[in-house]
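Asks: Protein chains in written order, with the numbering used here: chain A, 1 to 205; chain B, 206 to 317; chain C, 318 to 504.
Some hints here could point you the wrong way.
Computed beta-carbon distance windows for the label pairs [to be verified]: (1) R173/A <-> D214/B: 47 to 55 Å; (2) Q386/C <-> R40/A: 17 to 25 Å; (3) P482/C <-> R43/A: 19 to 27 Å; (4) Q386/C <-> H20/A: 31 to 39 Å; (5) R40/A <-> G468/C: 17 to 25 Å; (6) Q386/C <-> K225/B: 47 to 55 Å; (7) R177/A <-> R353/C: 28 to 36 Å; (8) E189/A <-> K225/B: 35 to 43 Å; (9) G268/B <-> P169/A: 45 to 53 Å; (10) D392/C <-> A62/A: 40 to 48 Å; (11) K225/B <-> D105/A: 20 to 28 Å; (12) Q386/C <-> R59/A: 32 to 40 Å; (13) A299/B <-> R353/C: 20 to 28 Å; (14) Q221/B <-> D392/C: 27 to 35 Å.
The hints are simulated quantities; they were obtained by calculation from the structure and are not laboratory data.
C-beta: ideal position from N, C-alpha, C; glycine also.
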Amino acid sequence: MTDPTLPPGAGGDSALDAAHLDGFTLEELGEYLDSGRQPRDERIESSASAQHALAALSRLRAVAPKVMEAEAAAAPLRAPSWFKAILDQIGVQAHAGRDIPLAHDDARTRLAITEGAVRGLVRAAGDELDGILVEKSRLEGDVETPGSPVTVRVDVSLYTGADADNLLPALRRDIGRTLATHTELNVEEISIRVRDRDKDPEDDA
Amino acid sequence: MTSYSTPDDLTYGLTQMLRKVPGVTAVYATKPVLAKVVSAVVEAVKNEPAGAHLVSVSESDDGLDIAAYIGVTDEEPAPTVCLRAHDAIRAFVAENSDLSAATVDVRIGRVG
Amino acid sequence: MVSLPGHRSLGDADDRTLAGRASDGDIRAFEILMRRYEPLLSAYAARLLGSYSETDDVVQEAFIVAWQQLPTMEDFGAVRRWLLQIVTRKSIDRLRARKDHADIDDHDLPSHTGDPEEAASASSLDDALSRALSALPEDQRRCWLLREVGGYGYDEIAEQLELPPSTVRGLLARSRKTLIREMEAWR
């Protein structure tokens, strides 16, 4: 198989010159590398020339992300206002959820707090406690009807060494308090599920 | 005193006024942003960084229907601030418009 | 990376945690992700587009789309690649639109001749490759970026760039050959 993409006699002493590829094409070798050298191809693995070319391709692959990172680092920093303009626009829209009414005696007035804002309160309660992270929360029940019983379900992770026996009751207490202060929900139950009991900083690195 | 003769003036005035209500930390657009209108959001980010017309005002048979979407501080109860914002809207319309406010809809999208 | 628990550490939280929180509507977590990836996404978009002037719009759009689509994201740990792919799609939309208005000549990135001498004078290998990347023909550069930065497979690249897979293979091979030559020249 010849390689029509390489100009004939593209000189130099590169490991990738057709003359040095032991009959393999650059596409072939590139694809082999791209597939993680699986399934193993004995012909390629036993050719010194092909190995040399694969090494060069691997080196290029290894520096590729660094090139982009270096260009990113060299670019001027964007002004904080650039981020703020985007955040203000997308801010609270996408995750607003249902409207939870706040009582008012004038029928022509409608006051409400969104489900998204309430979930934010639940997260903030967790953020005030060390060792625990609120990952997700949801409100179950007919929150749109005043007085309906509501269950708050919260998924949390605990960090290594966190004191679950104290933290979980503290979180339940703080969520109850903040919801009582800022909403008129009839919270019947706050159910906390621990998803990750030993969250290790290195796990996601 | 400034007069607000058109709904557009009024929505501008209400937006500015709401930002100054104690406990109100942000005024958001009332219309939901959908995936389809990403370009509209980009336009909004470009053209109106200050978000001057975020409170919506429409005319109905009974007067003006007004809707606002706000963020509030967590330093006092959210319903208290919500009510304060509502009262401020009614007072502002009474003072600045020939039409009276019919329905007033205030939603809180964020606390703290 | 999460090193310390508590609310002051959200800025140090790992991608998985931040994406999970952002998908739950936490805009503070999303802001941290934005700040973390904006420089990379902008550099990548500028390279794909060959232009700085459209980069702003593309990255802005990408963040808005990302915020909307986060709840449907499957692997929160892969947020970097996910964001790069959104930027890829948005950039390619632009390129297609540009093709429809072929008179727009919008290439304001500095171009380099990319000869080995120049590469050898670059201050670092990164710099040398940056220059070499600039010197590549556009279609080669895009294929290479989609493969090595965007993490796309051959067929996906073919689909995105509307090229036959065989052409993509050829373009990738040529771009790699040129870049490796620059790398060797620099060494």
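Asks: Would you mind marking each hint as holding or not holding in the structure?
Replies: Each hint tested on the structure:
no.	hint	in the structure
1	R173/A <-> D214/B: 47 to 55 Å	holds, 48 Å
2	Q386/C <-> R40/A: 17 to 25 Å	violated, 38 Å
3	P482/C <-> R43/A: 19 to 27 Å	holds, 23 Å
4	Q386/C <-> H20/A: 31 to 39 Å	violated, 46 Å
5	R40/A <-> G468/C: 17 to 25 Å	holds, 23 Å
6	Q386/C <-> K225/B: 47 to 55 Å	violated, 36 Å
7	R177/A <-> R353/C: 28 to 36 Å	holds, 33 Å
8	E189/A <-> K225/B: 35 to 43 Å	holds, 40 Å
9	G268/B <-> P169/A: 45 to 53 Å	holds, 51 Å
10	D392/C <-> A62/A: 40 to 48 Å	violated, 23 Å
11	K225/B <-> D105/A: 20 to 28 Å	holds, 26 Å
12	Q386/C <-> R59/A: 32 to 40 Å	holds, 35 Å
13	A299/B <-> R353/C: 20 to 28 Å	violated, 48 Å
14	Q221/B <-> D392/C: 27 to 35 Å	violated, 44 Å
Hint violations for this structure: numbers 2, 4, 6, 10, 13 and 14, all remaining hints satisfied.
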